[in-house]
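Residues 1 to 502 (the UniProt record's numbering) make up the sequence shown, in order.
Treat the hints as calculated values from the structure; they're not laboratory data. A few of these clues could be false.
[Unchecked claim] In silico lysine to aspartate or glutamate, EDC-like type, Cα no more than 16 Å apart, as pairs: (1) Lys-265 to Asp-149; (2) Lys-259 to Glu-133; (3) Lys-302 to Glu-133.
[As the list claims (entries may be wrong)] With beta-carbon atoms standing in for the labels, derived distance ranges: (4) Gln-283 to Met-308: 37 to 43 Å; (5) Val-255 to Glu-188: 18 to 24 Å; (6) Ser-261 to Asp-168: 44 to 50 Å; (7) Asp-168 to Val-255: 49 to 55 Å; (8) Asp-149 to Val-44: 23 to 29 Å; (9) Glu-238 to Glu-289: 18 to 24 Å.
We put the beta carbon where it would ideally sit given N, CA and C, even for glycine.
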Amino acid sequence: MMKYLTPESPAFVPEVSQDLIQQTEEKLENSPCKELFSHCTKSVLDHLSGEPFQEYLSSMYFDRFLQWKWLERQPVTKNTFRQYRVLGKGGFGEVNLAYAYETKDALCLVLTIMNGGDLKFHIYNMGNPGFEEERALFYAAEILCGLEDLHRENTVYRDLKPENILLDDYGHIRISDLGLAVKIPEGESIRGRVGTVGYMAPEVLNNQRYTLSPDYWGLGCLIYEMIAGQSPFRGRKEKVKREEVDRRVLETEEVYSHKFSEEAKSICKMLLTKDMKQRLGCQGEGATEVKRHPFFKSMNFKRLEAGMLDPPFVPDPRAVYCKDVLDIEQFSTVKGVNLDQTDDDFYSKFSTGSVSIPWQNEMIETECFKELNVFGPNGTISPDLNKSFPPEPPKKGLLQRIFKRQVRSFMTKIRNTILDGQCHIPCYDGIYAMIKTEHLREGCPSQSKCQLAGNFLTNTAYSRSADILYHQYHLFSSALFPVVENFLPKLFFSAMLKCLLK
């Protein structure tokens with residue numbers, strides 16, 4: 001409100017009417033929600049879709065945009081390789097999926113980088129283990145909102161743990177790694193012993209059928225760990241077998257230290273209830289039950305969902321929030337996925353670039369992508385966008401230029417000899433057809449002296465055939481003649497040309 005809808009602000013948006021601003025202020029006071037600025041947004045979009053958009057369509061910036069979109073649709077070839085590398089192809093402002101690419105055995109989905117690190121690093125490597133309750137409450141509330149959105153789509157997450165909760169540049173959480181998430185058919189339940197040791201709910205360990213209950217168990221484990229500085233069923237750095245951890249989950253009760261307030265202790269106990277039918281969040285109202293718990297009494301969820309609450313911690317953009325550089329290279333792989341022909345056909349149409357991370361780093365460090373956004377001086381059109389300029393001829397490689405230079409030198413000698421009226425040059429028999437055609441094309445002033453001229457002057461069809469043979473020879477010689485002539489006996493080379501020209 002203060003930044004965009006206040007006239008005194010330098011970022012004020014005058015396209016929003018005062019009536020809309022007043023209505024928004026009233027909603028903010030009485031009933032803040034996600035759709036608080038929807039009418040203001042629509043007003044701005046309506047304005048931009050009119051005259052400003054028409055101006056954009058006729059501008060050089062739209063031409064540049066079309067260049068990007070055209071390139072996106074092109075397959076990566078040796079001719080477009082440099083363009084892809086310069087543009088850093090893929091990643092047009094998507095929030096989560098940056099781009100996708102294929103390898104020989106995998107479809108890779110690359111997500112937006114979260115520079116704030118994960119909660120595990122912040123819990124254990126930023127001073128004393130654990131958070132103050134206020135910070136844990138904020139993260140728990142945002143995680144609960146994320147789970148609520150997933151559950152609204154009838155999707156259970158099943159892998160809630162600190163490693164999968166990331167912080168963005170502003171300190172808000174993002175739920176990542178949905179590899180174990182599954183959509184539950186309407187009115188049905190599922191079964192599956194999946195998850196991470198120490199965070200799997202009892203019904204998952206017992207291979208019972210369930211719906212959304214494992215996520216509320218995971219939320220209880222996460223709140224406990226954020227406050228206590230260790231997971232509820234395994235001490236920090238404790239080496240214990242998986243079977244023992246599973247036994248503790250099924251049979252033992254968690255221990256609460258002085259760090260827990262009564263509200264925090266209560267919500268953890270209710271979320272970590274071993275009977276899923278008695279667990280908080282599983283009584284029919286889902287996330288609404290959890291939001292009503294006294295632990296969240298100070299949290300305004302409407303303002304939180306509207307992005308109006310400041311996080312308790314904002315990452316430093318100059319810092320790297322990971323314990324080891326190897327943590328940055330962690331990948332999540334889903335195995336056992338079988339793709340049929342329909343899938344292969346679909347994924348083959350992905351042209352979102354296979355730009356590896358090292359190449360991206362190189363592009364960022366060398367800033368070679370900046371050349372795309374260069375225009376002419378004083379805002380004028382750059383030559384590549386000027387449609388009146390003829391397109392540049394395709395550039396040829398070094399070998400092509402060397403071969404062509406040698407062939408031209410050889411052809412010049414032949415032409416000069418023909419124009420002098422002497423066709424008995426020291427050449428190979430297979431080249432005579434080409435000499436005859438050159439003789440007619442160049443208009444030899446001494447045709448009567450040329451022993452080979454008569455047949456061509458009287459036989460148009462043969463002349464036309466010889467013309468075709470000339471082009472065949474030229475294509476052949478431009479690639480092989482400079483090399484073959486130097487290394488193969490003349491007799492063998494003559495035989496090769498005769499076979500080609502027959």
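To see whether the hints hold, each was checked on the structure:
Straight-line distance between C-alpha atoms of Lys-265 and Asp-149 comes to about 26 Å, which puts the hinted pair past the 16 Å bound. A distance of roughly 8 Å separates the Cα atoms of Lys-259 and Glu-133; the hinted pair therefore holds under the 16 Å criterion. With a C-alpha separation of about 21 Å, the suggested pairing of Lys-302 with Glu-133 is violated against the 16 Å cut-off. Range check, Gln-283 to Met-308: Cβ separation about 30 Å, and the 37 to 43 Å hint is violated.
Taking the beta carbon of each, Val-255 and Glu-188 are about 37 Å apart, not inside 18 to 24 Å as hinted. Checked against the hint of 44 to 50 Å, the C-beta distance between Ser-261 and Asp-168 comes to roughly 28 Å, which is inconsistent with it. Between Asp-168 and Val-255 the beta carbon distance is about 33 Å. The supplied range of 49 to 55 Å is therefore violated. For Asp-149 and Val-44, the hinted distance range of 23 to 29 Å is satisfied, since their beta carbons lie about 26 Å from each other.
Range check, Glu-238 to Glu-289: Cβ separation about 33 Å, and the 18 to 24 Å hint is violated.
Consistency note: the structure conflicts with the earlier hints numbered 1, 3, 4, 5, 6, 7, 9.
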